[in-house]
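Protein chains in written order, with the numbering used here: chain A, 113 to 292; chain B, 113 to 292.
Heads up, a few of these hints could be off.
Copies of the same chain are indistinguishable here, so a pair counts whether it falls within one copy or spans any two.
Mimicking DSSO-like on lysine-lysine, the simulated pairs with C-alpha atoms at most 27 Å apart in a straight line are [unchecked claim]:
1) K276 with K125
2) K162 with K282
3) K136 with K125
4) K136 with K281
5) K276 with K115
Hints are computed from structural coordinates only; laboratory data are not their basis.
Protein chains: 2
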Amino acid sequence: MIKEIQTRRSIRKYIDAKLVEDEKIIALMESARLAPSGSNTQPWHFIIVKSDLTRQRLAEISHHQKWMLSAPIFIVCIADIRSRITEDIAMTLNEHSPEPELKQIIRDTAIAIEHLVLCAENLGLGTCWVAWYSQDEIRTILNIPSDKYVVGIITLGYPDESPKARARKKLEDILHYEIW
Amino acid sequence: MIKEIQTRRSIRKYIDAKLVEDEKIIALMESARLAPSGSNTQPWHFIIVKSDLTRQRLAEISHHQKWMLSAPIFIVCIADIRSRITEDIAMTLNEHSPEPELKQIIRDTAIAIEHLVLCAENLGLGTCWVAWYSQDEIRTILNIPSDKYVVGIITLGYPDESPKARARKKLEDILHYEIW
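Based on the sequences and whatever the hints tell you, model everything.
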């Protein structure tokens, strides 16, 4: 099996003084870029956030998860519905939007994000998926247009903890043969 | 970078006579099981389909993509909203459903599926994401309850082609710093 899939943990404590090298950030972005997507539409965008003030505001709207601030970098991961809907009609997406295309771009962007997460593990970096915020609040902070959807914030830095593996369901509870 | 992220291609032609060893299928499932998910809810289920008749029906409702049938295995990947909504109310999910939880379980199941896809590459197997079917049709064929959502079919087998890498957007077109 791929080592990084086995060793990856969600990291919520990072080494304070240790920044992340820019070339490593670029390597993560390259790994996301290589993800497959429906009809190769590549709906993903990424905002690299290092600013103290912006990270504080993002942690605040993420239900004040203070642990996030120990990560020197947040990667805000965004899905763009314009990769599939090109008509020039105004759109505002949020958690309750019914559009089929929104489901497709969330799927594809999640794939790209997980490439990035596994690549970080390969480079000795820690990450954690965060998605506990409202679309309205996060878009306002980052000036993201209303027709985009923020699939997740990935916190990034050198880990300062080594969590044990969390429990998973048994294989027999999730695996079926030939039919449900 | 992780080698499998670089070498993975969508494979649409598989070696006819070469089945996939059961222990490799189990390894793929283990890699999916290890995926992160919101609040560790693990919304994923997988149906391993080998039957000729079922694969034919799945290819038919996937807009008659005949290439699919050269794959000896289809892994049908399903997201279960009951991992987040436990009230006993009837639900029928489809492409137009507005539920916020549906967006969350699609995201998490896509992560698990991509673990499986990368693990397949590691084991010398080829895969292709397919998601061009209607929820109603695919659920009927596989007897999947109406409160589940089929995130994708992964075709699986030993590759009989070596496609070149497909084009990707430039990094500068998807990467932002500090703000959109």
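We went through each hint and held it up to the structure:
Taking the shortest Cα distances, K276 and K125 sit within 27 Å of each other inside one copy (14 Å), while across copies they are farther apart (40 Å). In this assembly of identical chains, the alpha carbons of K162 and K282 lie at most 27 Å apart only when taken from different copies (22 Å versus 39 Å within one copy). Proximity of K136 to K125 under the C-alpha cut-off of 27 Å is restricted to the intra-copy arrangement: shortest distance 19 Å within a copy versus 35 Å between copies. Within a single copy, K136 and K281 get their C-alpha atoms only as close as 33 Å, which misses the 27 Å cut-off; across copies the closest is 19 Å, which meets it.
Taking the shortest alpha-carbon separations for K276 and K115, both the intra-copy value of 16 Å and the inter-copy value of 26 Å come in at or below 27 Å.
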